[in-house]
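2 protein chains.
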Amino acid sequence: MARMTQGPFLLDARLAADTVPVCDWPLCSVLLMNDSRYPWLILVPRSAGASEIFDLAPAERQTLWQEVSRAAERLKAITACRKINVGALGNVVAQLHVHVVAREAGDFAGNGPVWGQGAAVPYADAAREHLLQRLRAELQRGVV
Amino acid sequence: MARMTQGPFLLDARLAADTVPVCDWPLCSVLLMNDSRYPWLILVPRSAGASEIFDLAPAERQTLWQEVSRAAERLKAITACRKINVGALGNVVAQLHVHVVAREAGDFAGNGPVWGQGAAVPYADAAREHLLQRLRAELQRGVV
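Sequence order for the protein chains is D and W. Going by this note's numbering, the letters in the first sequence line up with residues 58 to 201, in that order. Going by this note's numbering, the letters in the second sequence line up with residues 58 to 201, in that order.
Just so you know, the hints here were simulated from the structure itself, not pulled from any lab data. Just to be clear, a hint being listed does not mean it is correct.
[To be verified] Restraint ranges, calculated between C-beta atoms of paired labels, are given here:
no.: 1; chain 1: W; residue 1: Ala137; chain 2: D; residue 2: Gly106; range: 12 to 22 Å
no.: 2; chain 1: W; residue 1: Asn168; chain 2: D; residue 2: Gly167; range: 17 to 27 Å
no.: 3; chain 1: W; residue 1: Arg185; chain 2: D; residue 2: Pro65; range: 24 to 34 Å
Even glycine gets a Cβ: it sits at the ideal position worked out from N, Cα and C.
So that you can see chain D by itself, here it is in the shape it has in the complex:
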């Protein structure tokens, strides 16, 4: 898909509706999926018009990868999960976004992928705020 860079970056409406903002890193906005079944981050490069990873300029690609690796490593440390799943699919939402999901052996999707499995279970307000506070402290640490 050709890159269509026009105007400022605007977060896709569906991503905005399904998530809450955690923090902004140099390239990506870090979002928390409002689905209490899994600790689930979504990284969205603030690069207007990108849909595929190769739509990004080489320097942006490198930063994206660093930020995805950092999100994966810190989410693993925060949750002590069994496995991190990383995915850039974009079958539904065209705006480039990367999922970083903490998986447990007994979670809703079992050994399968999280996408398209049942309906999201939104966090209770207090649980969401507690997790957001923890995520912000850990994800913003040392990032300039």
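Please build the complex by placing chain W on the supplied structure of chain D, with the hints as guidance.
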């Protein structure tokens, strides 16, 4: 998960059974999933013991990302598909591997992910050899 580097790299037995080798890039072995429903590459870093992307050394992570981006861009060019899906899940096979899948609007999994959707449909011999020839020509071009 701590990195467990012991001995030489050995391709996971399930990955070996489900795929055919395409070519070796500097870091990754490039495999073709033997599932004719989707043009589907799997990149496996030849780095013993890695399970998460952050198990790789920083230089390897950067090379992995370059190779994943290259695979995505070339598979898109070869197939003229609607969207590339990239995923590093590892819920079943622990050995670090990255899926790069060409998706079409009307394909078997529709708007969903390819993982865990029905059974693979192996290629007929002639079709597989034809695709492998094309992939090898395109994926090896200019890679040293």
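Structure-based check of all given hints:
One distance hint, 12 to 22 Å for the beta-carbon pair Ala137/W and Gly106/D, holds here, with the actual separation near 20 Å. Take Asn168/W and Gly167/D: their Cβ atoms lie about 21 Å apart, and the range 17 to 27 Å holds. The given range of 24 to 34 Å is broken by Arg185/W and Pro65/D, whose C-beta atoms sit roughly 46 Å from each other.
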